[in-house]
Structure formats: C-alpha cells, structure tokens
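Work the whole structure out from these sequences, hints included.
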Amino acid sequence: MDHKDSPMDELESSLKTHAQALLASLEQGKFGDAVQLIHELNKARDRGLYLEVGKLTRELHNSIVDFKLDPRVPHAQEISEIADATERLDYVVQMTERAANRTMDLVEQSAPMVNDLSGEARQLSVEWGRFMRREMSAESFRELAKRIELFLARSERDNGKLSANLNDILLAQDFQDLTGQVIKRVTKLVTDVESNLLKLVLMASNVDRFAGIEHDLNSIHAEREEQKQPSRGEGPQINADKREDVVAGQDDVDDLLSSLGF
Amino acid sequence: MDKNMKILIVDDFSTMRRIIKNLLRDLGFTNTAEADDGTTALPMLQSGNFDFLVTDWNMPGMTGIDLLRAVRADERLKLLPVLMVTAEAKRDQIIEAAQAGVNGYVVKPFTAQVLKEKIEKIFERVNG
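Line by line, the protein sequences are chains V and U. Residue 98 in UniProt numbering is what sits at position 98 of the first sequence, and the numbering runs on without skipping anything. Residue 7 in UniProt numbering is what sits at position 7 of the second sequence, and the numbering runs on without skipping anything.
The set of hints was computed from the structure by calculation and includes no laboratory data. Glycine included, every Cβ here is placed at the ideal spot set by N, Cα and C. Fair warning: there could be bad hints in the mix.
[As the list claims (entries may be wrong)] Per the computed footprint, the stretches of chain V lying under chain U, defined by three or more beta-carbons under 8 Å from a beta-carbon of chain U, are:
#1 96 to 109
#2 236 to 247
#3 252 to 262
So, in structure tokens, the structure goes:
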C-alpha cells in the first residue's frame with residue numbers, strides 16, 4: 001500500500017487543515033462556515049470508508065470465487081472446494097478404516113492357523129521322541145506315520161494360506177499412498193484459505209479505523225479461554241517431545257503417576 | 001487373575017475396540033463386551049456385572065473421564081477397576097484422571113506388552 005496517498009493519510013491531513021479552519025471560523029462567529037467544514041470532514045471520512053468497504057467487498061467476492069463457495073451457482077455443493085475437501089477427508093477416514101479392518105480380518109484368520117500348526121508340531125515331536133527312544137509299538141508307529149503325513153500336507157497348505165494372508169496385509173497398506181495425496185491437497189487448501197482470511201481481516205481492520213470501531217481483545221481472549229473444556233479431551237498431541245505440558249510416551253505417564261503415589 | 005472376568009471396552013472407533021479386544025484375547029481374556037461412548041457404557045455397567053473397564057477419553061456423548069467419575073460416584077460400581085487407554089497426553093489430564101480415581105493410564109499408540117503390564121499391575125493391587 002502506498003502511504004502517501006492512502007485514504008487514511010488523506011483523511012488525516014484533511015482533518016488537520018479543516019480542524020484549524022473550523023476553530024478559526026468558530027472563534028470568528030462564522031457558524032455557516034463551521035457547518036460547511038464539518039460537512040467537508042464527514043465527506044472525507046465517508047470517502048475513505050466507502051473505499052475500504054469497497055476493497056473488502058471485492059476481496060470477499062474474489063475469495064468466494066476462488067474457493068467456489070457461492071451457494072447460488074448451479075451444483076455449488078459439488079464444486080465448492082471446502083465441500084470437496086470435507087468429502088476427501090471422509091474418504092481418508094473410510095480408506096483407513098477399511099484397511100484397518102481388512103488387516104485385522106487377516107490377522108484373526110491367520111492366528112488360529114499358526115496356533116494349530118505349532119500345537120500339532122509340539123504333539124508330534126513328543127510322539128517322535130517316544131519312537132526314537134524305542135518306546136513305541138509298531139501299531140502306534142503306523143498311526144504316527146499317518147499323522148506325520150497328514151501334518152506335512154496340512155502345513156504346506158496352511159503355510160501357503162498364511163503367506164497369501166501376509167501378502168494381503170501388505171497390500172492393505174496401499175491406502176497410505178492415496179490418503180497421503182488427499183491429505184496434502186487438503187492441507188494446501190487450508191493454507192490458502194488461511195492466507196485469504198488473513199487478507200480479509202487486514203482489510204476489515206482498515207474499515208474499523210475509518211469507522212472508529214475498537215475491539216476489546218482481552219475480553220475476546222477471556223471468552224475463548226472460558227469455552228475451553230479440558231475434560232472434553234483434545235485428541236493426539238503433535239510435537240509432544242517439544243512441549244513441557246505433554247508427556248512424550250508411556251514412560252513419562254508412568255513417572256508422573258508414580259510421583260503421584262501410584 | 002481370573003481369565004473369565006467380564007471386561008467392557010469403550011471407544012468410539014470400532015477399529016480401536018477391535019484391537020483392544022484382540023490383545024485381551026491374546027492375554028487369555030475372552031469375556032468382553034463393547035460400547036462406543038460413556039452414555040451407552042454406563043447402563044451396561046450398571047446392569048452387567050462387569051469386573052473391569054477399559055475406556056478411551058475423547059468420545060462424543062459422554063467422555064471417558066465423565067464415565068470414570070460416574071462409575072466412582074455409583075455405590076455399586078465405585079470399586080470397579082478402570083484402565084484408561086487414550087491419546088490424551090497432557091500432564092494436567094493425567095493428573096485429572098488420577099484424581100478422578102483411575103487405576104491405570106495407557107497413552108496411544110501403545111504396545112501389547114504395555115497393555116499386559118498395566119492390567120497385571122492393576123489386578124496385583126486389587127487382589128493384594
């Protein structure tokens with residue numbers, strides 16, 4: 001912004017010159033002139049105000065166009081970038097949930113197979129020990145040989161199934177690539193929206209100056225503090241290792257609790 | 001420790017409930033039930049003869065900390081062992097949970113080993 005001919009500077013210099021003239025005309029008893037000067041002052045203030053409101057409106061309009069937020073355009077819901085981002089994040093939630101469930105399905109399917117195989121192997125090796133120590137009758141050995149044959153066939157089949165399950169677990173992690181891309185796009189949108197909002201706030205503050213509006217920041221902060229409810233929970237903490245008020249892991253939790261007498 | 005004890009798992013995410021259920025089963029505890037927040041968990045606890053409560057903190061409806069307070073305020077439930085398994089990691093929150101009478105606190109992400117240790121420790125104290 002060029003400071004020399006900014007509307008604010010124009011208003012200031014106009015105020016200064018008119019104020020002196022106003023004082024002079026009042027002292028000389030020229031009330032008609034004084035009223036005319038007050039009128040001039042008002043006009044200078046209004047001009048600046050209109051100019052700033054105009055800029056703000058234009059910028060607001062640009063933002064609405066940029067982010068396709070206008071509810072009047074056809075298919076607004078489909079083309080709005082914010083609505084689109086919300087949909088994308090829902091997609092991330094779905095993808096991650098599906099991957100988690102798919103992985104757990106496969107683990108739940110595989111775990112009993114592994115347990116059965118190792119249980120049967122343990123039993124067979126006990127029997128095999130008896131055979132090696134010549135504690136086994138020929139009849140029992142024939143039975144054992146049959147069990148070993150079945151076990152070998154089964155372990156080959158189950159191991160094939162297990163290895164396929166492991167592969168599927170690996171593939172179930174492919175969501176990371178897709179959700180990563182989606183989240184990056186949404187992050188960019190949030191950054192864009194933030195810088196646009198910041199621009200709007202700066203413009204609105206110019207309007208405030210012309211209109212002589214002042215905000216009580218302290219009371220706004222106090223109100224916001226009051227709205228915070230620690231018992232609602234805050235979710236996972238980012239950069240926990242760099243913050244004093246947050247534990248960095250389970251060891252910190254255990255230390256804290258034991259310092260409290262747990 | 002009684003492996004047949006009845007355990008209620010409370011978390012708003014079904015995947016997390018499933019993970020905890022699987023880990024508990026691996027530790028030999030198969031008698032489990034699930035609820036998705038404090039509002040549904042409390043009536044289950046009041047009518048269900050549960051021996052142990054595992055709860056998240058941040059949930060819609062009634063949060064885990066409010067559920068813990070409700071349990072401690074209930075004449076029949078006040079001695080129920082409660083383990084909090086949560087992503088809430090602020091020191092103030094852990095102190096708040098301790099003051100509300102939690103028996104153990106596990107921060108997410110956690111391992112099967114940590115969960116096992118905390119459960120064992122809780123029942124050592126309860127039985128000791």
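Do the hints match the structure? See the list:
1. 96 to 109: This one holds; 6 residues, not fewer than the three required, reach chain U with a Cβ under 8 Å.
2. 236 to 247: holds (count 6)
3. 252 to 262: holds (count 5)
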